[in-house]
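Asker: Sequence:
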Amino acid sequence: MEMKRIAFFAVCLFSLASISGCQKQLDLKPHEGLPEEQLFKDVRGFEYAVRSLYTGMKNNGFAGQDNGIPLMGDLLSDNLMFNPAGRQSKSDFFKWQLSSLISYDMNYYYCYRLASRANVILRNIDRIPAGEDRDNFEGQALAMRGLAHLELLRWFAKIPTQSSDAPSSLGIYYQDEFNPALKEVHRAGTTVSSSYQRVVADLLAAADKIAESNPDGYLTKQSVYALLTRAYLYMGDYAKVVEFADKAEAGAVKMAKKDQVKGVWVDANRKVSAVIRILIQSKDRIAIGNPYSQSVKGKIKSEFVCRKSFRDLFQATDVRAAASFVESPFNEKMYIHVAKYLGRAGENANVSDYKYMRIEEVILSKAEAYARLGQDAQALNVLNTFRAERYEGFTPGSESGQALLDAILLERRLELAFEGDRFFTLKRLGLGLERDGVERELADGTGSFQLAAVSVPATDHRWVLAIPQDAINLNKSMEQNPGY
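Numbering (the working numbering), first residue to last: 1 to 484.
Among the hints, a few may not be true.
Unchecked claim - Straight-line alpha carbon distances no greater than 20 Å define the calculated EDC-like cross-link-like pairs of lysine to aspartate or glutamate that follow: (1) Lys240 with Asp208; (2) Lys257 with Glu411; (3) Lys271 with Asp216; (4) Lys308 with Glu439; (5) Lys271 with Asp246; (6) Lys262 with Glu392; (7) Lys258 with Glu411.
If you're looking for bench data, these hints aren't it; they were derived computationally from the structure.
Input sequences plus hints: build the corresponding full structure.
Answerer: Listed below in structure tokens is the structure:
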């Protein structure tokens with residue numbers, strides 16, 4: 001007789017433990033020994049299980065206070081500068097010294113952890129009667145499974161628009177059953193194209209099930225539509241980007257107005273901007289701003305600072321500047337510190353909600369999609385409407401063609417700075433990365449510490465991160481990405 005299935009903590013599964021040196025073990029930890037048939041016997045049990053999905057996104061690999069997406073996606077781009085006055089953390093990533101031993105392992109493990117949590121919910125969904133509650137639980141689980149795999153795809157596989165061979169290149173293991181230890185899994189026969197189709201299938205199914213509104217910090221139908229715009233943008237299906245962007249914009253969360261932009265980053269109004277928000281409180285002991293900076297005797301001590309050349313792209317009338325960075329001295333040297341994660345007033349430093357995805361990204365994706373479809377008038381209208389809420393005294397532009405597309409991409413870079421998007425924009429567009437090695441860490445572009453120039457061509461294998469070596473050691477069937 002089959003052994004009784006055990007429900008794991010918060011429905012789950014596995015946690016990262018025994019992290020020391022290069023060894024990362026995947027531990028299975030039962031939750032009070034509760035059998036699944038007992039945990040999932042009623043709506044209350046499913047509510048508890050669904051809540052665990054959002055708890056999972058507070059960890060390193062998503063938010064966290066060491067390896068969060070808001071840092072890692074910009075660290076591998078051209079927005080930030082390494083600060084030698086910091087703790088020297090993540091310098092290998094900044095220098096692109098990537099290998100099978102230096103990869104984004106936290107993201108890899110926690111994405112599969114999130115997918116496994118979702119799968120436990122999905123395999124028990126028939127235990128409660130059909131109806132709105134059941135549909136909503138199922139929709140949230142499907143959406144989170146799609147989100148987790150979309151995250152894995154953009155780090156550990158090519159993005160479909162990246163190159164002509166990207167769609168047929170190696171995809172990912174798509175976890176749609178309970179396999180917390182990732183045993184005997186492989187990617188043979190998968191492609192990027194087929195993997196993205198599975199993400200879209202989960203998200204479309206989720207959109208049909210999930211509720212229009214849910215408590216703060218939970219996914220909604222609008223959240224799923226937003227995720228679909230991201231997936232379709234990466235796939236190069238621009239008509240679908242427009243279709244689902246329109247649906248997302250019709251939702252309750254609207255773009256932040258000029259006078260609301262700064263408040264977004266201190267959680268002054270949770271009803272604007274963030275369509276996927278993970279609520280974080282001081283008691284969670286998760287300071288998502290820590291990878292960027294710490295507070296030392298009332299001063300900001302930064303690990304990574306904004307590059308002067310990037311700061312100079314913001315016009316004097318751009319209301320985002322005050323929300324994005326602050327210039328202040330540390331040890332009598334002036335730096336451009338990242339300000340988005342300095343935290344809420346009256347709480348511990350660097351504590352704020354994690355804005356995983358904002359409606360502003362959706363709008364800019366729609367503008368780009370229109371431009372790539374050759375519909376310049378529609379693209380310009382979206383762009384001008386957007387810019388009117390970001391610049392004081394804005395005069396509508398009249399760009400067309402490549403100039404219009406460049407303007408849209410510039411707004412994307414400015415709007416989503418320090419949120420993890422820049423690496424993926426460079427990657428999906430096949431732009432490569434160039435850092436001149438001349439610019440340094442201080443606010444005026446000078447400094448005492450010089451880093452070597454970094455040149456990463458669009459064809460470089462490192463745009464696809466390595467599967468963590470520990471994961472391969474634990475599972476010999478898992479193929480490593482080319483070049484590692």
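Asker: Give me the numbers of the hints this structure contradicts, sorted from smallest to largest.
Answerer: Per hint list: zero violations.
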